[in-house]
Amino acid sequence: MARYIGLRILQTIPVIIGTTFLIYALVFAMPGDPVRAMFGNHPPSEAAMAVIRHEFHLDEPFIMQYLHFLYGALTFDFGKTFQGRAVSDVIATSLPITAQLAFLAIFFEILIGVGLGIIVGVKKGKIFDNFILMSTLVIISIPTFVLGFVCQFLFGVKMRILPTTVGNYVDLYHMLMPALILAGVSVSYVIRLTRSQVRDNMNADYVRTARAKGLDNKTVILKHVLRNSLLPVITYIGADLGALMGGAVVTEAVFNINGIGHQLYSAIAKGEGTLVVSLVTVLVMIYIIANLIVDVLYAVLDPRIRYGKS
Amino acid sequence: MASNIEHFVADYDTDLSQVDEFHTEKEVTGLFREALAIIIKNPLFWISSVIILILGSMALFPGLWTSTDPLYCPIGDSNLPASSAHILGTTLQGCDVYARVIDGAKPSLAIGIMTTIIGTAIGVLIGTLAGFFGGVLDSILSRLIDIFYAIPFILAAVAVLQLFESSDSIWKVIFTLSIFAWVGPARLMRSAVLSVKQQEFITASVSLGATNKRNMFFHILPNAISPVISTATINIGAFIVAESTLSFLGLGLGSNTVSWGQDIANARDILVTTPSVLLWPSLFLAVTTLSFIFLGDAIREALDPKGRR
Amino acid sequence: MKKLVTTLSSVALLFVGAITLSGCGGSNSSSSDSIISVYGCEPQQTLVPGNTNETCGGNIINELYDALITYDTDGKVQNEIAESITPSDENKVYDVKIKSGLTFDNGEAITSDSFIKSWNYTAADENAQSNQSFFELIKGYDEVSKENSKVNELSGLQKISDTEFKIELTESSITFPMRLGYSAFYPLPVSAFDANGKLDPNFGEHPIGNGPYKFEAWNHDQDVKLVKSDTYKGDRPSKNAGLDYKIYTGGTEAAYADVQSGALDVLDTVPQTQNKTFQNDPQVQPVIEPSPVYQGLEIPDNLPHFGYDEEGQLRRAAISMAIDRPTIIANIVDGLADVPAGFSPNNPRISGAKAEVKGNDVLKFNSNEAKQKWEQADAISKFDNPHLDIYFNADGGAKSLLEAVANSIKTSLGIESSVKAIPDFKTLLNKEAEHQMDGAFRMGWQPDYPSVENYLQPLYTTNAAKTGSNYSGFANKDFDDLLLKGAAASSIDEANDYFTQAQEFLMKYLPCFPIYDRKQNGVSAIGVKGLTFDWKSMPVYTDITKG
Chain Y
34 MARYIGLRIL
44 QTIPVIIGTT
54 FLIYALVFAM
64 PGDPVRAMFG
74 NHPPSEAAMA
84 VIRHEFHLDE
94 PFIMQYLHFL
104 YGALTFDFGK
114 TFQGRAVSDV
124 IATSLPITAQ
134 LAFLAIFFEI
144 LIGVGLGIIV
154 GVKKGKIFDN
164 FILMSTLVII
174 SIPTFVLGFV
184 CQFLFGVKMR
194 ILPTTVGNYV
204 DLYHMLMPAL
214 ILAGVSVSYV
224 IRLTRSQVRD
234 NMNADYVRTA
244 RAKGLDNKTV
254 ILKHVLRNSL
264 LPVITYIGAD
274 LGALMGGAVV
284 TEAVFNINGI
294 GHQLYSAIAK
304 GEGTLVVSLV
314 TVLVMIYIIA
324 NLIVDVLYAV
334 LDPRIRYGKS
Chain X
15 MASNIEHFVA
25 DYDTDLSQVD
35 EFHTEKEVTG
45 LFREALAIII
55 KNPLFWISSV
65 IILILGSMAL
75 FPGLWTSTDP
85 LYCPIGDSNL
95 PASSAHILGT
105 TLQGCDVYAR
115 VIDGAKPSLA
125 IGIMTTIIGT
135 AIGVLIGTLA
145 GFFGGVLDSI
155 LSRLIDIFYA
165 IPFILAAVAV
175 LQLFESSDSI
185 WKVIFTLSIF
195 AWVGPARLMR
205 SAVLSVKQQE
215 FITASVSLGA
225 TNKRNMFFHI
235 LPNAISPVIS
245 TATINIGAFI
255 VAESTLSFLG
265 LGLGSNTVSW
275 GQDIANARDI
285 LVTTPSVLLW
295 PSLFLAVTTL
305 SFIFLGDAIR
315 EALDPKGRR
Chain L
158 MKKLVTTLSS
168 VALLFVGAIT
178 LSGCGGSNSS
188 SSDSIISVYG
198 CEPQQTLVPG
208 NTNETCGGNI
218 INELYDALIT
228 YDTDGKVQNE
238 IAESITPSDE
248 NKVYDVKIKS
258 GLTFDNGEAI
268 TSDSFIKSWN
278 YTAADENAQS
288 NQSFFELIKG
298 YDEVSKENSK
308 VNELSGLQKI
318 SDTEFKIELT
328 ESSITFPMRL
338 GYSAFYPLPV
348 SAFDANGKLD
358 PNFGEHPIGN
368 GPYKFEAWNH
378 DQDVKLVKSD
388 TYKGDRPSKN
398 AGLDYKIYTG
408 GTEAAYADVQ
418 SGALDVLDTV
428 PQTQNKTFQN
438 DPQVQPVIEP
448 SPVYQGLEIP
458 DNLPHFGYDE
468 EGQLRRAAIS
478 MAIDRPTIIA
488 NIVDGLADVP
498 AGFSPNNPRI
508 SGAKAEVKGN
518 DVLKFNSNEA
528 KQKWEQADAI
538 SKFDNPHLDI
548 YFNADGGAKS
558 LLEAVANSIK
568 TSLGIESSVK
578 AIPDFKTLLN
588 KEAEHQMDGA
598 FRMGWQPDYP
608 SVENYLQPLY
618 TTNAAKTGSN
628 YSGFANKDFD
638 DLLLKGAAAS
648 SIDEANDYFT
658 QAQEFLMKYL
668 PCFPIYDRKQ
678 NGVSAIGVKG
688 LTFDWKSMPV
698 YTDITKG
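Residue numbers (my numbering), protein chains in the order written: chain Y, 34 to 343; chain X, 15 to 323; chain L, 158 to 704.
Because the hints were derived from the structure by calculation, they are not lab data.
C-beta: ideal position from N, C-alpha, C; glycine also.
Hints are not guaranteed to be accurate.
Derived lysine to aspartate or glutamate pairs resembling DMTMM-like cross-links, with alpha carbons at most 20 Å apart [stated by the list, open to error]:
id: 1; chain 1: L; residue 1: Lys567; chain 2: X; residue 2: Asp91
id: 2; chain 1: Y; residue 1: Lys113; chain 2: L; residue 2: Glu199
id: 3; chain 1: L; residue 1: Lys355; chain 2: Y; residue 2: Glu88
id: 4; chain 1: L; residue 1: Lys623; chain 2: Y; residue 2: Asp66
id: 5; chain 1: L; residue 1: Lys567; chain 2: X; residue 2: Glu48
id: 6; chain 1: Y; residue 1: Lys191; chain 2: L; residue 2: Asp438
id: 7; chain 1: L; residue 1: Lys433; chain 2: X; residue 2: Asp83
id: 8; chain 1: L; residue 1: Lys303; chain 2: Y; residue 2: Glu88
id: 9; chain 1: L; residue 1: Lys296; chain 2: Y; residue 2: Glu88
Here are the in silico distance ranges between beta carbons for each label pair [as the list claims (entries may be wrong)]:
id: 10; chain 1: L; residue 1: Ala398; chain 2: Y; residue 2: Leu107; range: 43 to 51 Å
id: 11; chain 1: Y; residue 1: Met34; chain 2: L; residue 2: Asn376; range: 54 to 62 Å
id: 12; chain 1: X; residue 1: Glu214; chain 2: Y; residue 2: Ile46; range: 33 to 41 Å
id: 13; chain 1: Y; residue 1: Pro129; chain 2: X; residue 2: Phe162; range: 50 to 58 Å
id: 14; chain 1: Y; residue 1: Pro129; chain 2: L; residue 2: Ala398; range: 48 to 56 Å
id: 15; chain 1: L; residue 1: Lys539; chain 2: X; residue 2: Phe162; range: 46 to 54 Å
id: 16; chain 1: X; residue 1: Asp83; chain 2: L; residue 2: Ala487; range: 17 to 25 Å
Where chain X lies over chain Y, by a calculated footprint (3+ residues, C-beta under 8 Å) [to be verified]:
id: 17; region: 49 to 60
id: 18; region: 203 to 210
Let the hints inform the model, and build the full structure from the sequences given.
In structure tokens:
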């Protein structure tokens, strides 16, 4: 197993090189001139714009820009934003905020998603199952920006039991509502996934065997059914972590959270290649680690799965 | 509890050669025929099919449902309440909500269904290959999945959609969404295959001389597809909403094409005063998703060999 | 339920560029202890006046600095740091005398050098400052802005003494003193520059100003904190103890919810989603005032059939008259705007603004005449374009307005018209500047100084195709001459007469179709007092109190 993990960590190198190259190419291919846009309705002299282009290597060919980035990354210098801030500083402030939001959301996914999934999976064809299904549908059909604002108004403005926005109060209390909203859609997937897995496994031979052995229902479900049902659920949640880290743009905007999603969006809109690529590099590393943990968990949950030999 | 257990034991006078016999050809047809037999007995299958047929008729023959032009929007008719002329009222721009909901069915269903089919097909193929063969192939395919997961959706959408800048075709949206739609199913499929291929019946089938191809498609795939189906049916709804996000970012369909996603995105401006403009396209979206979830459940239960007793 | 519906906050119009700058004016009064929390957004650049040309940074910069002049409520120039600004040589040379005894927050006296060093720095290419183009009128600009130029000082700036300097222009301009209120012309402490005239690279993170507030802290993407300056001797001392700009990264909707819940004191732009409700919202205090901003539509002259010849003039007039402005204003912006009378809003705070401009019938909705003109144009050359598309940037939030305009054109003229989104501002700008637009596009204008000249010169003169925002391809010598005559006039009134003639001239060609003159809508939380707006629709922060 140690060898397998070592190999996987080694594999991150080509992934990061591949991803950053791809992202740089995409940013480079985007339309519009980021330098001209900085000046809005007051275009300066060409010479002044040339100074900025030179400073950010924008006057060089694509491959050179990419090599500049790679070289900088190797020496842990990710460069500066157009504003003049160190990119590493942008990441250092926004990453912990997003991480807190994402992990809280994952926590709710597990708690609510897996919990309810087991209940509706075990109790076949009950009213409760349909109620959960309907709630799931509501969450899927209403866009996050609407759901977010309705909750913000109800709990923040009307009842005043939760804060309306996060801003610079990054703590559990302020993050509670955004994390729940962010988890919403994923919770629907986790419920459906857990439910179908539990249902499938309730009919499996080993469950019959376990029951035949005289085990009580609770033990059968918790020790046998769940263990065998969790694999796809864990896969989904592991993959979702990456999506939640980088893709929470709307939730972050609704609740004024200064996270990676916002930074990524505005960097793309402004055409700040270096910032985009650096943020994605961080995301891809998080993503790879999350998936590695998931793959290791496979082997733990299902001892028959073996890595390292094929 | 023990009384519930059925017994699968051949009659004592059965010939032994009969017990050991394999009907390899017969089993193939049997798998799907059996599934069909199960599915037609499922009321959920019928309910969802009828709803999907109704939605399909809206998509293919909108003229059956309305004769109002959904793109005729006099600004003087802005935000009218429901009346005999506009049975569901009008939008901010003065368009007829009912006509727009009907006309929006075609692009919305096309985007939801096509993206799901394309994404699921590619995802299932790649996930199965990675999980089944393992080793180097698994490493390469899994890392490819990692790379695609890491690309920010918005960035790729901007880059891809500007290639089709002048086009209003729904295919550009389907194409853009499909770039990402295969990744989730691929990972799910890989994990399910990893788990299924260790099970006794696969070992048994291998020891009986089944080929890799045969194992993959007739033994592992049906046993491993269940989680993918569960998420794919939700995905149909999620992709229809994703088109709304694309419209919101100025990357979706043009305003010449009516879609539920666009109307949901547009409704946000008047959500406070006229929530009904949001309600109708969302309701159609919810019903569509529900039907496909039901249909998916029915198919999944019918296909799953474990549920077949 | 009604209350729920009326106050239900809605959607993330994620990327609405909120137009927010800050203000001047105010009166002497005692201060209270309270810090006022106000809506803010992350500045594009660090807080250097010469490098701040957008609203997020401008909003803060304007409270940190006083300029040579300010404007009274009628848009007239009033001296602030300047003791006097005396024109000579037909408004080509200005002699500036500075009030003595004024200082920066670090105690340094404000002298001629505070201005000359700052202006030279902003004008020089090698420093690539956003506001460089503001110095193009000053003699020597061509030399400092040439490629690889070794000249770093504007020859038109001459120090006479510590309290007096001369500004020499390349051409006459009666409106030049008006421009001196803009952030490009703020002074900077001499101690911030090194021997080579380079600004301390960290200055923008810790700016030293001379305004009513002193810089305290900036947590990027979170907040900017200013406290009342204790050395300030100017005309607009603060009535509160300081400002806390809370930065909203996702637009004004979240800020509105915060005002409702009392977590934010002042929001200067009501989100579009609350347009219908904020005036009756019991959880906020609404303020509505005139604004210098207007929204319009432009059609580039290289679009077939829309040149400035006879056919193009007819088509442009037809399009303009096809737009049902009153109904659009009533329904899309809920009446919070006025039908335009000319090419600048009819706002008394704008020098030279007129309630009626001759020939403005073409800005009034008349579908019959529109159709007639369109048919006359068709007689000259048949309109073979299947449609007229309207482009806009999706991160700018004007979709519903333009959709209504497109529908109006469609209904009135019977041609196909629909809106097309371009993902972001930089892409739109590129297409505009490169004349690659194959349809109409949206424009909105916020002036830099309160004169009608600033609504005409940067948008429609021939020269502005290179150095300004003329994207419609309008180039007409007679029009250029009218503006030059206005600038060379001997009095502001005379200048404004020429500017009015220039507006009348444009009615025939319509390089732009004004659609509405915006009103400024702001809200303050319950318990907050004194929210008003200055001429450029920025809150007069110094007057706000609470508690």
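Status of each hint after checking the structure:
Distance check on the hinted pair: Lys567(L) and Asp91(X) sit about 15 Å apart at the alpha-carbon level, within 20 Å; holds. For the hint pairing Lys113(Y) with Glu199(L), the CA-to-CA distance comes to about 16 Å; that is within 20 Å, so the pair holds. Proximity of Lys355(L) to Glu88(Y) is assessed by CA-CA distance (about 16 Å); at most 20 Å being required, the pair is judged to hold. For the suggested pair Lys623(L) and Asp66(Y), the alpha carbons sit about 16 Å apart, so the restraint of at most 20 Å is met.
This hinted pair does not check out: Lys567(L) and Glu48(X) have alpha carbons roughly 57 Å apart, beyond 20 Å. For the given pair, Lys191(Y) sits about 12 Å from Asp438(L) by alpha-carbon distance, which is consistent with the 20 Å threshold. Proximity of Lys433(L) to Asp83(X) is assessed by CA-CA distance (about 28 Å); at most 20 Å being required, the pair is judged violated. Proposed proximity of Lys303(L) and Glu88(Y) is supported: the alpha carbons are some 18 Å apart, at most 20 Å.
For the given pair, Lys296(L) sits about 28 Å from Glu88(Y) by alpha-carbon distance, which is inconsistent with the 20 Å threshold. In this structure the hint that Ala398(L) and Leu107(Y) lie 43 to 51 Å apart at CB holds, the actual value being about 49 Å. Distance hint check: the CB atoms of Met34(Y) and Asn376(L) are about 44 Å apart, inconsistent with the given range 54 to 62 Å. Evaluation of the 33 to 41 Å hint for Glu214(X) and Ile46(Y) yields a pass: the beta carbon distance comes to about 39 Å.
Taken as a hint, the range 50 to 58 Å is violated for the pair Pro129(Y) and Phe162(X), whose Cβ atoms sit roughly 26 Å apart. Range check, Pro129(Y) to Ala398(L): about 31 Å between beta-carbon atoms, so the 48 to 56 Å window is missed. Taking 46 to 54 Å as the suggested C-beta distance range, the pair Lys539(L) and Phe162(X) conforms, at roughly 50 Å. At about 23 Å, the CB distance of Asp83(X) to Ala487(L) agrees with the hint of 17 to 25 Å.
Chain X is given as covering the region 49 to 60 of chain Y, and this holds because 6 residues of the stretch bring a CB closer than 8 Å to a CB of that chain, at least three being needed. Chain X is given as covering the region 203 to 210 of chain Y, and this is violated because 0 residues of the stretch bring a CB closer than 8 Å to a CB of that chain, at least three being needed.
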